[in-house]
Amino acid sequence: MSPTTRQETLETAAPAGVSGAPSPGTGTSRRHGWRARPAGRSAGRKAPVHAVPFKVRWRRDWQMVLMMVPGVLVMLLFAYIPILGNVIAFQDYQPYLSIFEAPFVGLEKFVGLFDDPDFLDAFRNTMVLAVTQLVLFFPVPIILALVVDSLSPRRIRNVFQSIVYLPHFLSWVLVITFFQEFLGGAGFINNTLKLLGMGSIPFMTDPSTFPLMATIQLVWKDAGWAMIIFLAALSTVDVSLYEAAAADGAGRWRRLWHVTLPALRPIIILLLILRIGDILSVGFEQFILQRDNVGPGAAEVLDTYVYYSGVIGGDWSAGAAAGLAKGIISALLIWGANSLAHKFGEAGLFQKKVG
Amino acid sequence: MTSLLNRKAPGLSYSPTRPAWKEKPSLLYSSLKALIVVGVTACIGLPVLVVFATSFADNQQIIHAGGYVLWPTHPNLDAYRTLFSGNLMIRALGVSAFITVIGTAIALFVTILLAYATSRPVLFGRPVVLAVLFTMLFSAGIIPMYLMIKQLGLIDSLWSLILPGALGGFNFVVMRSFFMGIPGELIESARIDGASDWKILWTMVLPLSKAVTAVVGLFYAVGIWNAFFNALLYLNDTAKWPVQVVLRSYVLQGKSMAADQLGVAVQAQPQSLQMAVVVVALLPILLVYPFLQRHFTKGVITGAVKG
Numbered sequence: 001m002s003p004t005t006r007q008e009t010l011e012t013a014a015p016a017g018v019s020g021a022p023s024p025g026t027g028t029s030r031r032h033g034w035r036a037r038p039a040g041r042s043a044g045r046k047a048p049v050h051a052v053p054f055k056v057r058w059r060r061d062w063q064m065v066l067m068m069v070p071g072v073l074v075m076l077l078f079a080y081i082p083i084l085g086n087v088i089a090f091q092d093y094q095p096y097l098s099i100f101e102a103p104f105v106g107l108e109k110f111v112g113l114f115d116d117p118d119f120l121d122a123f124r125n126t127m128v129l130a131v132t133q134l135v136l137f138f139p140v141p142i143i144l145a146l147v148v149d150s151l152s153p154r155r156i157r158n159v160f161q162s163i164v165y166l167p168h169f170l171s172w173v174l175v176i177t178f179f180q181e182f183l184g185g186a187g188f189i190n191n192t193l194k195l196l197g198m199g200s201i202p203f204m205t206d207p208s209t210f211p212l213m214a215t216i217q218l219v220w221k222d223a224g225w226a227m228i229i230f231l232a233a234l235s236t237v238d239v240s241l242y243e244a245a246a247a248d249g250a251g252r253w254r255r256l257w258h259v260t261l262p263a264l265r266p267i268i269i270l271l272l273i274l275r276i277g278d279i280l281s282v283g284f285e286q287f288i289l290q291r292d293n294v295g296p297g298a299a300e301v302l303d304t305y306v307y308y309s310g311v312i313g314g315d316w317s318a319g320a321a322a323g324l325a326k327g328i329i330s331a332l333l334i335w336g337a338n339s340l341a342h343k344f345g346e347a348g349l350f351q352k353k354v355g
Numbered sequence: 001m002t003s004l005l006n007r008k009a010p011g012l013s014y015s016p017t018r019p020a021w022k023e024k025p026s027l028l029y030s031s032l033k034a035l036i037v038v039g040v041t042a043c044i045g046l047p048v049l050v051v052f053a054t055s056f057a058d059n060q061q062i063i064h065a066g067g068y069v070l071w072p073t074h075p076n077l078d079a080y081r082t083l084f085s086g087n088l089m090i091r092a093l094g095v096s097a098f099i100t101v102i103g104t105a106i107a108l109f110v111t112i113l114l115a116y117a118t119s120r121p122v123l124f125g126r127p128v129v130l131a132v133l134f135t136m137l138f139s140a141g142i143i144p145m146y147l148m149i150k151q152l153g154l155i156d157s158l159w160s161l162i163l164p165g166a167l168g169g170f171n172f173v174v175m176r177s178f179f180m181g182i183p184g185e186l187i188e189s190a191r192i193d194g195a196s197d198w199k200i201l202w203t204m205v206l207p208l209s210k211a212v213t214a215v216v217g218l219f220y221a222v223g224i225w226n227a228f229f230n231a232l233l234y235l236n237d238t239a240k241w242p243v244q245v246v247l248r249s250y251v252l253q254g255k256s257m258a259a260d261q262l263g264v265a266v267q268a269q270p271q272s273l274q275m276a277v278v279v280v281a282l283l284p285i286l287l288v289y290p291f292l293q294r295h296f297t298k299g300v301i302t303g304a305v306k307g
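First to last, the sequence lines map onto chains A and B.
Be aware that the first sequence starts at 1, since it is given in the UniProt record's numbering, and climbs by one per residue.
Be aware that the second sequence starts at 1, since it is given in the UniProt record's numbering, and climbs by one per residue.
There are no misleading hints in this set.
Among the chain B residues that face chain A by a calculated CB cut under 10 angstroms, a handful are:
| # | residue |
| --- | --- |
| 1 | Tyr29 |
| 2 | Gly66 |
| 3 | Tyr116 |
| 4 | Leu137 |
| 5 | Ala140 |
| 6 | Leu167 |
| 7 | Leu233 |
| 8 | Val251 |
| 9 | Ala281 |
| 10 | Val288 |
Just so you have them, the derived chain B footprint on chain A, three or more residues with Cβ under 8 angstroms:
| # | stretch |
| --- | --- |
| 11 | 285-296 |
| 12 | 330-337 |
Since the hints were made in silico from the structure, they are not lab data.
No residue lacks a Cβ here, since even glycine has one placed at the ideal position from N, Cα and C.
Could you build the full structure based on these sequences and the hints that come with them?
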């Protein structure tokens, strides 16, 4: 094929037999084949013969492929090559050796985790925190959404929504600082108690109440944000259902129970399943910021364990093993949760990212 | 007769904001709702107010009130003057501003290109999208990331805070689902007119996507501004610390800002100084929040549903 202009190349690529002035429809598909392709693909799954040969598609799409290069490069460098770097979990890695020189030790590091009381603590804390979050955090956005949805003057509703979304955009450092300033040993509440001649209460440093404290912090930061998805679901409820229920004599609470909650049920089930799939991730910065004050006995979670045993403690391979195990189990759980969500007839994947 | 007409049915009095079928809210119900609204607002607003107020308050009032004030009686800028007289905070602000602005620009560039290219059924489009989605499901973990950054020689470089986050999976999904909504005919007609894909993106698609670009850009900016752990992990050099890490060590961990770090003797009450640091970290978010808030719900719901 001689070097031709783009226009001519694409003309040659057109299916043979079409000559003369084509209709607009065939014109576009000849030009690109973009819209023709997906249909052809789904129709002919068993015989994936592309209507347009690779060379022609390359000529057509090379600019688009070029646009993918920066993104693909970032992905390779900071996602996929590091994933391969997890190979050190199967090695006895030392910083002075390179990954290629480190001796392989098989699953030794994974087995070793179960003999490490710190790891078992971290695992237990993660589970305790996840369950506390599930029980105490999960209902709050639903209740908040019901309240917001029933606020009648539009202005008040909008202002209130703006206020409750705000904390989501504050960093964990700021959030923990706020809590420290209010509830810490020298914070607002305890200073007031002291002025009144009473003893101080260790809200922020008591390991036994830490799961509760951490969940309250999470509620403060993210309950408003998590409400968005429920508000969206509430806005789709058919008003005539309420009207009909009211005409049949259903009061406010009966309408809530028989109309609103059934309308929210699919989304509640979906988010619940996805949360359970994500159970090993309870947060990271929140705990690393408070680990020193509360102590690792209560505030060490799987993610902080990886950091402290690997980067700080120097046992890189054990840290990587813990991280890898967590990553694989999480991915499987999320995948399983999604399949479950699909079984319930929901279009699930990545909806969890809202929370 | 008139009395009968004027008599209202119980619980069905007319109100312009309430549909006819809805009963009049009972006192208990209204007050419960008001309590929730006021309570939630106070929980969020009060800390912000106290932090601002204390940072402007004078020493005597702070000592008298036991550390925190709700409203400064003699507002002054001493804390800020002390804070900005040394170069610790100015440097931290410079670092944070640099990584936020450059980082957002790079991230937008990378994300827009990839999202646009994969929003059309082009060569390699499908596998690349799947590859991005997979990174949302499974991340490499802290240690391999650290080793990678080290291998690239980015330890103690500000690029370690910018490059790894240049492609956010969620932002990619939001962008891509928006681009997918742009009618193919529009783009095809431009191609027929001989425009290159780059030109189509730049002169046609982007002007149509101002709102979504703004939201995604602000998501990136807020994320970079708020990030704290990556700086702790990758930067050993305290001179390169961004604002969040400074906030952590001087306010949360209570390290004193020594005279040598600030460059001057500390004049303001440490409490108001600490609160001034908090305000410096908080203010940029409060300033961009109104712009962010105008669009984000739509973006979030699109991204969530179409992912």
